[in-house]
Amino acid sequence: MDQLKRSQHHESFVTGIIKENPLFVAVLGTCPALAITKSFEAAIGMGILFTFVLVCSNVLISALRKIIPEEVETPAYIVVVATFVTVVKMVCEAFVPALYTSLGVFLSLLVVNCIVLGRAEAFANKNGVVDSLLDGLGNGIGYTLALIVISLVREILGTGMLTFGNIFPFLKINGEVVALPILKGAGWDFSISLFAKPAGGFIVFGVIMAILAAMKNSKKDKEAAAKRAAAYAAAQKAREAALAAPIAAKTEGGVH
Amino acid sequence: MAYFVAFLLALVSYSLIDNVLLSRFYGICSFIGVGNKVKSAVSMGIAVVFVIVFSALICYPIYHFILVPADLKFLDTVVYILVIASLVQIVGLFIKKYSPALYKSLGIYLPLITTNCAVLGVVQENTDTSLSFAMSMANALGTSLGYLLMIFVFACIRTRLDTYNTPRAFKGIPIALITAAIMAMAMTGLTGIGA
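Chains as they are written, first to last, in this note's numbering: chain A, 1 to 256; chain B, 1 to 195.
What the hints contain is simulated information worked out from the structure, not anything from laboratory work. It cannot be assumed that every hint is accurate.
List of simulated lysine to aspartate or glutamate pairs, EDC-like, C-alpha gap at most 16 Å [as the list claims (entries may be wrong)]:
1) K89/A - D128/B
2) K5/A - D131/A
3) K126/A - E41/A
4) K37/B - D128/B
5) K172/A - E70/A
6) K126/A - E93/A
7) K197/A - D18/B
8) K66/A - E11/A
9) K73/B - E93/A
If you want the footprint, here are the derived chain A segments under chain B, 3+ residues with CB under 8 Å [unchecked claim]:
10) 12 to 19
11) 27 to 41
12) 71 to 81
13) 101 to 109
14) 181 to 193
15) 196 to 210
Among chain A residues calculated to face chain B with C-beta under 8 Å, some are [what the hints assert, rightly or not]:
16) V112
17) I141
18) Y232
The structure displayed is predicted, hence computed values, not measured ones. Just so you know, even glycine gets a beta-carbon here, dropped at the ideal spot from N, CA and C.
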C-alpha cells in the first residue's frame, strides 16, 4: 500500500518534467514563453515565480476540491490563482524590482495562464493535496527548464553573450554585471539581433518544436521497423516450421 | 483635430506596429489553438473585440474612482479578472438572446475569452502605464482590431499550409510558428508611423 502510494507520488512529480512538459508537449503557456525569453535571467525568474504560483494554487484548490461547487469551478479557481499572483507581485516588487519591471504585465498575466488553470481542472480537483503539490512542482520545473532552453538560445544568438547580474543583484561580481562573450570577441561579432526581437522568439520556439517532433518521428519509425522485422521473423519461423513438419513426421514414421 | 489625429495614430500603432499577437505576445494560445477554421477564428475575434472594449471601458473608472481613492491599488488584477469573467458571461447571455446563430457558432470559444491573455493584458497595461482615458480606449480598440485582423489572416494561411507538403517534422504547430515569425518581421517594417 505504502509502496503503491509512493510510486503514485513519484509519477505525479515526474510526468510534468519531460514526458508531459507543459510547454513543448502540451503547448500551453506560450505567451510568456515568447515574451520574456529574451534574457536568461528573466526566464529563470519567471520560472521560479510561476512554479510558486502553480504549487500554491494546486495545493489550495486540491484542499478545497470537495467544497467548491461544480458550477462555479472556473471562477473560483481564477480567484484563487489571482490571489497568489497578487502576493507574488507584491513580493517581487519589494525584493527583486528589476525582475518586476522586466516581466511587466506578464506577471499579472499568470492569472490567466493556461497551465495553472489547466492543472487545476485536470489534476488538482481530482487528486489529494500531496499529489497536487508534487504535480505543481513537476510541471513548474518542466516549464522552467523549457523557458531556460528557449532563453539561452535567444540570448546567446541575439546579443552574442550571456549576462548575469542585471536582474538578480546577487549574481554581480564586485558590484559589476558579468558578461560572458560567446559569439563575440575583439573585432568580430556573430550575434543576430533578430533573435532578441519578437520574430526571433517565434523562430526559436518553432525550430525547437520541430526538433522534438523529428526525434519523436524517428523513434516512432524505429519502433515500427522493429515491429515489422519481428513480424517478418515470426512469419519466417512459422513457414520453416510448416515446411519441417511433414519431414519430421516422415522421419518419425521411419523409426517405427 | 490634433487630438483626433493622435487618437488615430495610437490606433494604428496599437493595432499594427505593436500588434497584440506578433509583438506583444498576448493571446498566443488562442492564436495557435483556433487553428485553421476561418469562420470560428473570425467569430472568436469579434467576441474578443467586444469583451476587450467593454472591459477597458468598465475597468478604467473602477481603477481611478474606486481603487485609487480607497488605496487598494494592489487589488487591481483580482478586480479586473472578476470584471472580465462576469462580462464574458453577460456578453454570452446577450448574444444567446439576440442572435442564437452567432451563439452557436461561437460555442466553446466564448468562455475561453475569460482566460485570453489579450483581455487582461490590455486592461492591466492601461493602468500600469497610466494611460489617459482616450488613450486606453485607443489601446483597447486598436489591440482588439489587431487581434481580429491577425487571427483572420493566420487562419487563412493555415488552411493553405495544411495542403502543402511541409517537412514532416515541421507539420502542424512548428510551421505555424515559423509563419508567425515571418508575419512579425513584416510588421516591424511599419515601425516609425506616428513616431
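Hint-by-hint comparison with the structure:
1. K89/A - D128/B: It holds: about 13 Å lies between the C-alpha atoms, which stays within 16 Å.
2. K5/A - D131/A: Holds, because 10 Å separates the two Cα atoms, which is no more than 16 Å.
3. K126/A - E41/A: 35 Å, violated
4. K37/B - D128/B: Between K37/B and D128/B the Cα gap is close to 35 Å, so the pair fails against 16 Å, i.e. violated.
5. K172/A - E70/A: 50 Å, violated
6. K126/A - E93/A: 34 Å, violated
7. K197/A - D18/B: It holds: about 12 Å lies between the C-alpha atoms, which stays within 16 Å.
8. K66/A - E11/A: Violated - the C-alpha atoms of E11/A and K66/A are around 23 Å apart, more than 16 Å.
9. K73/B - E93/A: 14 Å, holds
10. 12 to 19: Contact hint for the region 12 to 19 of chain A vs chain B: violated, 0 residues under 8 Å.
11. 27 to 41: Held - the region 27 to 41 of chain A has 8 residues with a Cβ nearer than 8 Å to chain B, which meets the minimum of three.
12. 71 to 81: Holds, because 4 residues of the region 71 to 81 of chain A bring their Cβ atoms closer than 8 Å to Cβ atoms of chain B.
13. 101 to 109: holds (count 4)
14. 181 to 193: violated (count 0)
15. 196 to 210: Held - the region 196 to 210 of chain A has 12 residues with a Cβ nearer than 8 Å to chain B, which meets the minimum of three.
16. V112: Nearest chain B Cβ about 4 Å off; hint holds.
17. I141: 21 Å, violated
18. Y232: 25 Å, violated
Comparing the model with each numbered hint stated earlier shows that hints 3, 4, 5, 6, 8, 10, 14, 17, 18 do not hold.
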